[in-house]
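A.B. asks: Below, each chain spelled out in residue letters.
Protein chains: 2
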Amino acid sequence: MFDPAASAESHLSSYCEDMARRARTASRQLATARSAEKDQWLLTVADRIVARSEQVLEANRLDASFAQDADLPASSIDRLKLTAESLRASAAGLREVAALPDPIGRVLSSTVRPNGLQIDKVSVPLGVIFFIYESRPNVTLDAAALCVKSGNAIILRGGKEASHTNAALYGILRDALKSVELPADAIQLVETTDRAAVGHLLRLSEWIDLVIPRGGESLIRRVAEEARMPVLKHYKGICHVYVDQAADLDMAERIVVNAKCQRPSVCNAAESLLVHRKIAPTFLPRVAASLCRRGVELRGCATTRQLVSQAVAATEEDYGTEYLDLILSVKVVENLQEAIDHISCYGSQHSDAIVTADLAAAQRFTAAVDSSAVLVNASTRFNDGYEFGLGAEIGISTDKFHARGPCGLLELTSYKYVVQGHGQVRGE
Amino acid sequence: MFDPAASAESHLSSYCEDMARRARTASRQLATARSAEKDQWLLTVADRIVARSEQVLEANRLDASFAQDADLPASSIDRLKLTAESLRASAAGLREVAALPDPIGRVLSSTVRPNGLQIDKVSVPLGVIFFIYESRPNVTLDAAALCVKSGNAIILRGGKEASHTNAALYGILRDALKSVELPADAIQLVETTDRAAVGHLLRLSEWIDLVIPRGGESLIRRVAEEARMPVLKHYKGICHVYVDQAADLDMAERIVVNAKCQRPSVCNAAESLLVHRKIAPTFLPRVAASLCRRGVELRGCATTRQLVSQAVAATEEDYGTEYLDLILSVKVVENLQEAIDHISCYGSQHSDAIVTADLAAAQRFTAAVDSSAVLVNASTRFNDGYEFGLGAEIGISTDKFHARGPCGLLELTSYKYVVQGHGQVRGE
Chain Z
1 MFDPAASAES HLSSYCEDMA RRARTASRQL ATARSAEKDQ WLLTVADRIV
51 ARSEQVLEAN RLDASFAQDA DLPASSIDRL KLTAESLRAS AAGLREVAAL
101 PDPIGRVLSS TVRPNGLQID KVSVPLGVIF FIYESRPNVT LDAAALCVKS
151 GNAIILRGGK EASHTNAALY GILRDALKSV ELPADAIQLV ETTDRAAVGH
201 LLRLSEWIDL VIPRGGESLI RRVAEEARMP VLKHYKGICH VYVDQAADLD
251 MAERIVVNAK CQRPSVCNAA ESLLVHRKIA PTFLPRVAAS LCRRGVELRG
301 CATTRQLVSQ AVAATEEDYG TEYLDLILSV KVVENLQEAI DHISCYGSQH
351 SDAIVTADLA AAQRFTAAVD SSAVLVNAST RFNDGYEFGL GAEIGISTDK
401 FHARGPCGLL ELTSYKYVVQ GHGQVRGE
Chain R
1 MFDPAASAES HLSSYCEDMA RRARTASRQL ATARSAEKDQ WLLTVADRIV
51 ARSEQVLEAN RLDASFAQDA DLPASSIDRL KLTAESLRAS AAGLREVAAL
101 PDPIGRVLSS TVRPNGLQID KVSVPLGVIF FIYESRPNVT LDAAALCVKS
151 GNAIILRGGK EASHTNAALY GILRDALKSV ELPADAIQLV ETTDRAAVGH
201 LLRLSEWIDL VIPRGGESLI RRVAEEARMP VLKHYKGICH VYVDQAADLD
251 MAERIVVNAK CQRPSVCNAA ESLLVHRKIA PTFLPRVAAS LCRRGVELRG
301 CATTRQLVSQ AVAATEEDYG TEYLDLILSV KVVENLQEAI DHISCYGSQH
351 SDAIVTADLA AAQRFTAAVD SSAVLVNAST RFNDGYEFGL GAEIGISTDK
401 FHARGPCGLL ELTSYKYVVQ GHGQVRGE
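First to last, the protein sequences are chains Z and R.
Take 1 as the starting number for the first sequence in our numbering and just add one per residue.
Take 1 as the starting number for the second sequence in our numbering and just add one per residue.
Residues of chain R placed beyond 12 Å of chain Z at every Cβ, according to the derived structure:
no. : residue
1   : S13
2   : A36
3   : T44
4   : Q68
5   : S86
6   : P101
7   : H164
8   : P183
9   : G216
Restricting the straight-line Cα-Cα distance to at most 30 Å, the calculated cross-link-like pairs of lysine-lysine (DSS-like) are:
no. : chain 1 : residue 1 : chain 2 : residue 2
10  : R       : K236      : Z       : K121
11  : Z       : K121      : R       : K121
12  : Z       : K178      : Z       : K160
13  : Z       : K160      : Z       : K236
14  : R       : K236      : R       : K81
15  : Z       : K81       : Z       : K236
16  : R       : K178      : R       : K160
17  : Z       : K236      : R       : K121
18  : R       : K160      : R       : K236
These are calculated hints, taken from the structure and not from any lab test.
Each residue gets a CB set at the ideal place from its N, CA and C atoms; glycine is no exception.
The shape of chain Z in the complex, shown without the other chains (with noise of 0.2 Å):
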């Protein structure tokens, strides 16, 4: 009996399969290029970015116009559209990735054993990285750029909502790898739009070394929940600002505004305000004042809702809620180890802050808060690989397996022994 469901299935999970095995095989030849082909790899991918940029736009504006038909907020639409300056940005980006050092390669130990073994630990790459992500286009470049120079091969699963633009880069991307003469299978898209295909893929860790999700906490969820492989995730970020007792309240002023406000969308944004009860009185006016200036509703306990009237009360579950928007949870605590319980009870292991002048109170702060990022008198949204140096950032980890915090080049090598001997045997 021809059952063309379990056809239709059957051809997909080839169709995963072969794409795997494809990856595998280049990534085998790209943990060997050498850093030249895979920088000019990179300038290869810029050039043409900006000289083919009216193809690609015409792809993002079919993406965009698809978009509005489907009635998609116009936040969505907006994190969809590129323009001609936007490439040129890009453009440069992949031009930074490529003056920076290969990160392959490199000798991170070597020790000389008393039987004359020389012992050195030399970075590989992972392998095959499935990148799985939502909109936002140009990250499509930013991953494949990361990826290929730390040697590993990377499978692509763009939005739906971007995949005409994707697929315009995908070329530019592919062709530019033939060019000069690295193996084009080093990067693949998934072009089929059946959610299927991704849990296929999830479960092929024979070939694939490690998935990357970049999205909503639900799609990190899902893949996390389902993969077969090692995920490098972050499912969301509560962010702490706690200002203690002993803070400057000037300085605590301006980094709850900035953690709260530059950015209210994104995950390093703080969520909640913790302060310490000898400075309520005095700090929490001002800076309520500061933040309702801005649009910022704020939620607060009881003590909170005394000293500022324009507070509503908040609820058990504010605490552990990512607004992602201009909303503040807001307690106030007995002292230092209170805002550390807090932290730890209602956080997400992703970028707390204490504002202090007390060193022992800084010192206790990050010595016992468990997050990615413990910052000290500076604002959460500092959480970021180009603001810690790394060049770019491809996902921020919360998690404490390989790496923790912004995931740049480095983050994606693992690392071999080489053994050196001249005739070593091992004794009893």
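Fit chain R to the given chain Z structure using the hints.
C.D. replies: Quick look at chain R alone, frame taken from chain Z:
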């Protein structure tokens, strides 16, 4: 309706959850414990292991007699047995771990950004480690020592055969934590022999950060399949020695014999010999004689069998088999590239060696062979934490995510970014 099975299941589930939660709480305290306290704990355990050795040995005799009654193989019973001498050796091992530098709180890198932010990357513990292992009760001490020294809480799940010994050792480990005022829950033992407990614990990714299974391949596959947290593991060691055309044949013979015979039951023993066709007629008969004298069975390709009368035919399956025994598969290859391709096809990314005097061949081999350790002119048996100078090892990883090769104290750490500012906020 009362369902006794459901009730037992739910009892087990809360037993596991409670254990994992307590481990998480203890891990937070341990993360900021001082080096002196952790080392004092190690020295206390070392003293008590010797002082209370009779109590441990009595428990061990009980396990051994149960194992005999259960008709376990002699090799398993041997691995189970402790002696006063082996306990003294374990105590010495604990004192060595105490003497190693604290892996926590190291500044791994530090940069000052143009805006004046100081970005320090600081080593931190992973958190809670679930360690599953079979027999060999001395591993209980090694694993607990490495975890506590690296600030991690550990949940131990030993083999049923060693349950009395492990309980006796556990009592000493835990009492010593109390003596030095470290949290006792930093070390916990799964005391039920119900196998379902492992399944429960493997789902608790909220409180357990890493699982390390050590034992047979089927145990490790089951753990990798079920775990909802990262797994540090290797399935098997199909280790190769490739004897190149430019090899010193005396050295090659010494290395092959050592790699195969010195301890055939372990993961870094050689399972397969590849020989360049140009030297096969000279080298194969002599190495075969040497191996056969030591009781090694040879399974070879057609060319091998023409040159070596003792060899039986190797099947395709032989080349992918980890014998862990005095058996060696043998293949004559056309050239270096065929050796590399063979290893990439049949190997397990564990430990692979080349014997050659040709620098270019050594370089190509170490670059192209994608294994946790690639050795030049040395036995595969050296891929080991002690031999690499890591002090001790909790396991070997053949994966590329996080740590690869032997894993000691440093491999049980993660890092966080500590950012020091003086009021910096982020601009556009």
